[in-house]
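**Student:** Work out the full structure, taking the sequences as your base and the hints as a guide.
Here is how the chains run, residue by residue.
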Amino acid sequence: MDANAVLDLMWILVAGILVFFMQAGFTLVEVGFTRSKNAGNIVMKNFMDLCIGSLGFWALGYTVMYGESIGSFIGKPNLFYDNAEDMHNLFFQTVFAATAATIVSGAVAGRTKFSTYIIFSFIMTVIIYPISGHWVWQGDGWLTQLGFIDFAGSTVVHSVGGWAALVGAIVVGPRIGKYTDGKSNAILGHNLIFGALGVFILWLGWFGFNGGSELAISGDSANNVSRIIITTNLAAAAAALTAMIVTWLYYGRPDISMTLNGALAGLVAITAGCAAVSPMGAFIIGIIAGVVVVFSIDFIDKKLKVDDPVGAISVHGVNGALGTLLVGVFATDGGLLYGGGFTQLGVQAIGVVSIGVWAVVTSFIVFYVLKKTIGVRVPKEEEIDGLDIHEHKTNVYND
Amino acid sequence: MDANAVLDLMWILVAGILVFFMQAGFTLVEVGFTRSKNAGNIVMKNFMDLCIGSLGFWALGYTVMYGESIGSFIGKPNLFYDNAEDMHNLFFQTVFAATAATIVSGAVAGRTKFSTYIIFSFIMTVIIYPISGHWVWQGDGWLTQLGFIDFAGSTVVHSVGGWAALVGAIVVGPRIGKYTDGKSNAILGHNLIFGALGVFILWLGWFGFNGGSELAISGDSANNVSRIIITTNLAAAAAALTAMIVTWLYYGRPDISMTLNGALAGLVAITAGCAAVSPMGAFIIGIIAGVVVVFSIDFIDKKLKVDDPVGAISVHGVNGALGTLLVGVFATDGGLLYGGGFTQLGVQAIGVVSIGVWAVVTSFIVFYVLKKTIGVRVPKEEEIDGLDIHEHKTNVYND
Amino acid sequence: MDANAVLDLMWILVAGILVFFMQAGFTLVEVGFTRSKNAGNIVMKNFMDLCIGSLGFWALGYTVMYGESIGSFIGKPNLFYDNAEDMHNLFFQTVFAATAATIVSGAVAGRTKFSTYIIFSFIMTVIIYPISGHWVWQGDGWLTQLGFIDFAGSTVVHSVGGWAALVGAIVVGPRIGKYTDGKSNAILGHNLIFGALGVFILWLGWFGFNGGSELAISGDSANNVSRIIITTNLAAAAAALTAMIVTWLYYGRPDISMTLNGALAGLVAITAGCAAVSPMGAFIIGIIAGVVVVFSIDFIDKKLKVDDPVGAISVHGVNGALGTLLVGVFATDGGLLYGGGFTQLGVQAIGVVSIGVWAVVTSFIVFYVLKKTIGVRVPKEEEIDGLDIHEHKTNVYND
Amino acid sequence: MKKIEAIIRKSKFGEVKEALHQIEVNFFSYWDVTGVGNEKEGHVYRGITYSTSDIQRRFLSIVVSDPFLERTVEAILKTAYTGQVGDGKIFVSDIEEAYRIRTKEKGSDSLK
Amino acid sequence: MKKIEAIIRKSKFGEVKEALHQIEVNFFSYWDVTGVGNEKEGHVYRGITYSTSDIQRRFLSIVVSDPFLERTVEAILKTAYTGQVGDGKIFVSDIEEAYRIRTKEKGSDSLK
Amino acid sequence: MKKIEAIIRKSKFGEVKEALHQIEVNFFSYWDVTGVGNEKEGHVYRGITYSTSDIQRRFLSIVVSDPFLERTVEAILKTAYTGQVGDGKIFVSDIEEAYRIRTKEKGSDSLK
Ligand SMILES: Nc1ncnc2c1ncn2[C@@H]1O[C@H](COP(=O)(O)OP(=O)(O)O)[C@@H](O)[C@H]1O
Ligand SMILES: Nc1ncnc2c1ncn2[C@@H]1O[C@H](COP(=O)(O)OP(=O)(O)O)[C@@H](O)[C@H]1O
Ligand SMILES: Nc1ncnc2c1ncn2[C@@H]1O[C@H](COP(=O)(O)OP(=O)(O)O)[C@@H](O)[C@H]1O
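Residue numbers (the numbering used here), protein chains in the order written: chain A, 1 to 399; chain B, 1001 to 1399; chain C, 2001 to 2399; chain D, 3001 to 3112; chain E, 4001 to 4112; chain F, 5001 to 5112.
Keep in mind that the hints are not guaranteed to be accurate.
Said to hold, decoys possible - Mimicking DSBU-like on lysine-lysine, the simulated pairs with C-alpha atoms at most 30 Å apart in a straight line are:
(1) K3017(D) with K183(A)
(2) K5104(F) with K3003(D)
(3) K4010(E) with K5040(F)
It is worth saying that the hints were derived from the structure and are not from the lab.
None of the values given here were measured: they were computed from a predicted structure.
**Tutor:** This is the structure in structure tokens:
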């Protein structure tokens, strides 16, 4: 292999390793934003997302996504992928797949049956995610052909995860005590330091998530990758700062957990356009994401009354869709603000909606079937005592 | 230096940096799996492993391991290594050496004298580990010449650490209250979230541990490295999932800390063969490791009555040996299942046994001498009150 | 771009990503070394350092530092930097800038108004740090022309941060209860495990901080980078071990938090000379740093009665200056011990002093103006109850 | 004045608090304790299956003026109840004097 | 012998301890509790603004011989005072017997 | 009925619990407190050497029927003992009424 090819491969591996670490970030955010009595259960769910995702994507999902296209809709499935020249791509795509599943975990935390969740996670990684992924990233997918741009997966990964999280949270229902007399109550996260560390790790991993999605670094890709790193960083910073200011104005105090969510919202929003927008564009996308995430969390919590302990629906679903649309506005090549007219924006909307519908419908079917068969929710007393002591017969914090 | 050589060097550095981070992972696992009253002591032990390892390996150990071979048994020692062209290798090997020492720390946690431990750690890094390492990795070592395969150190690093941990745990004896009336009691880890974060970090670092052991990434090595990353990831995922299922069937619940140990067991087991087996082989090795680790922990705890709070003996010792043997079964080139007959398996066994004997004998001598001189164990009341308050006059958790 | 240029760019990005992660390390160290009632506030301050630093350095600071030199004193400012070929440098320099600001946060923890701190952080990143940085690293700066050596920023980054921390801690004043009847009281850090994890992360990030400052890895740079990694690691290890031994002799016990500070002191001290000294030189610099940090913390706390909860002044200010001076002693090319006479040492002293004066004067002006206008300190009762509950209306630890 | 000490299931705390609120007992202190009693809880840790009678409970300390005693006890008896072993205990003892620090009020006045 | 249970603001603990020290009450135990009372504390969490009367307090349990009772109560009343709602309460009850484990002393002797 | 409050060394808890078990006192609650007393513990933190009398202790609250009082106190006196300053205290006070929530039993019956 020549040096340039090795450079590309090495960059993909390094980026993939960074994305891998995001699993730890998700785990910490979810653990930190929920109650201590469920912390072990959350660890197990995230850990199984990674394990099942790694195995399932290798065993089947990767070819469903990247196999030869059947009607631009699905890849030709093949068991136990083993192509010696393509292992770096398998790795990079595997850690992406695990991310999509993990997003759901936070939204349904604190009341979902462990066994049920595991089954969902498996279906997510081998069917739901790879199929819509195929539409955009395989090359022959129908959305690719329409000209849809989702560089690193605002929609393909995050929105899919976010909408599935929405469905999951609705089907499972809110935690006991979350809504009383039509009022939304605060259920405090038990360790915001874990939450903050998780966000730092996610931000770190995102450099791999977005930067690695160039799938190359040699030649002309080099400066692209650098720009991606910058746009990613600026959007995250702008969104976190904006979210903080919004909460300061709106609730009177700079809210810690909302600010942390702000950073994540900025990261999700820039994911689609990280390679297509300018630093200034990234900055503005970040500001928008920072505003939207605060009001979206508020709206979903207080108006829709959907209980999402970690804000996954707003961060990944809403901001994933938003970020994808904003590519149509801020893309320096073809964006509305750069004289490209509404064409790209229209294509972006088609992609966002069609993948959104796909994610909602399929995950609803899965959750619904699970609800009617093995059940999705733990018994009331288990929930009150905490999932750890019932599902795992142990507490994670001891003396 | 030409681009290919730079690529190799850079990969070794990046991989080494990842391996470095494993020290944080070990620390968190050990802290999390033991009681809060000893947490600071564990931090200090791990921290000193790193410091003493870094200094000792540079000052002496590196040449003991990689110096010109004296009788295929030991490298020609040389003080304060300083070869401007070889600093990347020194770094990579240093972080490996620190790992071997750290493994012991977990097994003897909660009752061992700090000063004693430090002395052991020093001897481990400059004598015990480098000598057996010389046999396998220096090129002229007698095991290399036999054809022994231990790619990244299932035996050289992990088994050596694991067997020393076994000896240490026996010589030091169990923690007070661990065994009463011939029954093994549970002594709960105080923070499984730290434990889980530690495992994520270790898994992350292992990509450097195994991937970096190719010691190159240019040319043909590129695809090898990618495959190593995949086999490493699959084995870890399979082992964690398997361990979870085994505990579910066997104890009625998916056990959190055992599942975490499962991942580590898979990582240790694949370390020897990560470059020699197929993804499917890695998957099966992972499954075997996941089963073995659960029963091994059980057996060592309940039958042998050796008190190993973090499972280091089973994870590193048993699975290190197992993984090395399984190379003889699953190596696509020369393995039993691939028509290679029993030759490779026999060689593997010789290596596993001889290095095992070496580790057990030398570490027994060291621990025994320490026991008879300065003592290995803290006084009873120190142990009950906690090592932190006595050995360091402070607690790590305050208001 | 040719493969060598890509290698350099990739190394800068990877190193920058490691440096980015240091923000998490700083956060954890500061959180761990202070009381739980202020932990959320510390998270917010560090998080804002990163966000404001990222935005401010892009918007203005980068050109103030690296823009065309105006009189060797300051770069020609330019808003919203956007040079497609230079984004990797912008990223690497951005994460450095964020570090300088963050250092101050620890020293003023537990009593400073959040809004005030944010303003200071902004001025630090866009004015104070970039101007003195210009003197040394832009190429035309007056200190560069004198021959001043500060390879990765012992003075440019760490001392500047450290002296600003000193000024901040003095202007803000000690925490309530820190000094009573002229005696210094211990105010315990609430979670030394977080502190230790933070130090591991910082150490990790420092490989990027120092190694990346070569700003290249191709050709001859390759071995330089490797040597930097080794000198960095040896100095850190030697300093931590030395600090531990010093506290053991001096206070009777190996002190955990001092040992952790020791590692950081070694890292700061080697930062200036990491590329100029031999491994043995690094080892000795580490030993000196390990001794100095313990007595410096003692002196600043007990004699100067400046309340610095995390030891930032000693670690970054004192050891930054010290490390820069020691380059004049240990540089293999031109150092006092290598027959270079006192010339280099003299130049180093000029740089250390002039940048020290700059940092002290400018940050004093800023803190003083803030004190006289919006105030620097929270009301007494807020401080006693904790900043989290007053400034952010929430606690970070809950059930 | 009487002191009522109630040791209840943590999971029942919300209901008990609500019930106390209903009968206008709005002043009390609580903390978490470990209770040893009849109830056993099965645990598994690293393959060791054990059952422990050391169970997390919530301890309520409520000082009331005499007329409030009965209804307070009743409220707790009713709402902390599940019927399973481990519901907990209520202990009543005498308080000789009470002060409200803010107003220096003494006796029952300090409890209003 | 009397038992004095004082529930005070955490922020006042330093002063109270100092005052007890002054009057030579050097023996007591304390722990943190959640207090429910008149005081309300405003909180914001993820956009939900709520006010809670569950506030962190410190609980002091001090057993003294009878002659010490008055001055101990007074010391606490004085130093735990801010005048704001939420200063806390002091409760006095009777102790029948006391033992020092180390010496097996009983009664007031065990409290010296 | 009597309430026995024992403040002991954490390190002695295991033995005390075992001893209570022997004499069939299988019901009690405990939590961790900070004790202020004669004992001083030396600490070092970041170079500041200080000695504190604020020491971690375990607080046991045991309500027993009268016939159990003596043997319970004795069991604790014996097993919590080391002879070093800081062994702790036992306080006995009167309980007027006790209820078992599960069965609504009152008085000594509720303690069986
Ligand atoms: N005599 C006692 N003194 C103090 N606490 C007690 C006493 N008896 C019971 N408790 C507390 O009440 C809890 C519940 O008691 P338990 O015996 O398990 O159930 P039940 O009251 O339903 O028989 C115990 O865990 C303990 O905390
Ligand atoms: N009757 C009571 N029993 C137990 N604790 C009480 C009682 N009344 C008050 N407290 C404690 O005292 C604290 C302060 O009381 P609060 O009513 O808020 O203020 P104030 O005493 O100034 O009116 C409460 O948070 C609670 O912990
Ligand atoms: N009068 C008291 N009221 C409440 N707790 C007390 C009292 N006296 C002692 N204690 C508790 O007992 C512990 C041990 O007492 P200490 O005076 O240190 O030892 P000793 O009883 O051996 O003289 C103290 O730390 C404190 O928790």
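**Student:** Compare the structure with each hint and give your call.
**Tutor:** Here's how the hints hold up against the structure:
{"no.": "1", "hint": "K3017(D) with K183(A)", "verdict": "holds (19 Å)"}
{"no.": "2", "hint": "K5104(F) with K3003(D)", "verdict": "holds (19 Å)"}
{"no.": "3", "hint": "K4010(E) with K5040(F)", "verdict": "holds (23 Å)"}
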